[in-house]
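Those letters in the sequence shown? Residues 14 to 222, per the working numbering, in order.
By construction, these hints were calculated from the structure, which means they are not laboratory data. Predicted model only: the values in this text are computed from it and were never measured. Please note that a few of the clues may not be correct.
[Said to hold, decoys possible] Calculated lysine to aspartate or glutamate pairs in the EDC-like style (CA-CA distance at most 20 Å, straight line):
(1) Lys151 <-> Asp207
(2) Lys87 <-> Asp36
(3) Lys16 <-> Glu117
(4) Lys182 <-> Asp33
(5) Lys87 <-> Asp99
[Unchecked claim] Pairwise CB distance ranges (calculated):
(6) Thr139 <-> Asp217: 18 to 26 Å
(7) Val145 <-> Leu113: 17 to 25 Å
(8) Pro77 <-> Ile162: 16 to 24 Å
(9) Lys142 <-> Asn205: 19 to 27 Å
Quick reminder that beta carbons are idealized off the backbone N, C-alpha and C, glycines included.
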Amino acid sequence: MTKSPLFSHILLDRSGSMEDCRDTAIDAFNEYVMGLRRSDDVDARLSLTIFDSQSIDTLQSVEPARTFLELNRKNYVPRASTPLLDAIGHVVAQMDQVTLREHEKVALVILTDGFENASREHTKETIRKLLVDRQENKGWLVTYLGAGIDAFNEAGAIGISSGKYLHLKKGKLRQSLGHVRASQTRYASSGNLDRADYTEAERDDAGTE
Numbered sequence: 014m015t016k017s018p019l020f021s022h023i024l025l026d027r028s029g030s031m032e033d034c035r036d037t038a039i040d041a042f043n044e045y046v047m048g049l050r051r052s053d054d055v056d057a058r059l060s061l062t063i064f065d066s067q068s069i070d071t072l073q074s075v076e077p078a079r080t081f082l083e084l085n086r087k088n089y090v091p092r093a094s095t096p097l098l099d100a101i102g103h104v105v106a107q108m109d110q111v112t113l114r115e116h117e118k119v120a121l122v123i124l125t126d127g128f129e130n131a132s133r134e135h136t137k138e139t140i141r142k143l144l145v146d147r148q149e150n151k152g153w154l155v156t157y158l159g160a161g162i163d164a165f166n167e168a169g170a171i172g173i174s175s176g177k178y179l180h181l182k183k184g185k186l187r188q189s190l191g192h193v194r195a196s197q198t199r200y201a202s203s204g205n206l207d208r209a210d211y212t213e214a215e216r217d218d219a220g221t222e
């Protein structure tokens, strides 16, 4: 059976408020990568960008899941504020430069626990235009994971489709990234963005302790 090609870029909040779930975020991301590494359905390439108001850093870019780095307490150190909009714009520009494989599907995952409070280059409107274009014209799967914030309103404000967000408890980061992997697999295997919508069971699981 031929695996479906997928390119997934994870944008992970590194602002100071993530300190209380630092180890959980590290474990959740590593398990997400491991799941893709072991997948019988998807042949994944990954990028990881972490961000705060001091810097936006891509730790690894367009690397096969089987050789992707692991997060740890040395390379993921929460600090400073949350320039979420600038970070999204930065990552979209990077993703636009990636040479895709034949039939490769593209996914962007935005994971944050805080509201935008430090961007200087982008506004919600400029990011909304970017994300709507990539979803509607390029077929990107864009997912918003909001930990402890109103994910429905925040995702909608920047143009993310209504079925593509999860409102989650910080203690459910591992399970939520598992649901992200399942959503991405459904999309990569079918080519149908509607298949990537989170199920009621996935939403309930992410939002409960």
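Comparing the hints with the structure gives:
This hinted pair checks out: Lys151 and Asp207 have alpha carbons roughly 15 Å apart, not beyond 20 Å. Proximity of Lys87 to Asp36 is assessed by CA-CA distance (about 11 Å); at most 20 Å being required, the pair is judged to hold. A distance of roughly 11 Å separates the Cα atoms of Lys16 and Glu117; the hinted pair therefore holds under the 20 Å criterion. This hinted pair checks out: Lys182 and Asp33 have alpha carbons roughly 12 Å apart, not beyond 20 Å.
Taken as a hint, the Lys87 and Asp99 pair is broken in the structure, with Cα atoms around 24 Å apart against an allowance of 20 Å. Checked against the hint of 18 to 26 Å, the C-beta distance between Thr139 and Asp217 comes to roughly 34 Å, which is inconsistent with it. For the pair Val145 and Leu113, the beta carbons lie near 20 Å from each other, so the given range of 17 to 25 Å is met. At roughly 33 Å, the beta-carbon separation of Pro77 and Ile162 lies outside the given 16 to 24 Å, and the hint is violated.
Evaluation of the 19 to 27 Å hint for Lys142 and Asn205 yields a pass: the beta carbon distance comes to about 24 Å.
Going down the numbered hints, you'll see the structure goes against 5, 6 and 8, while the others check out.
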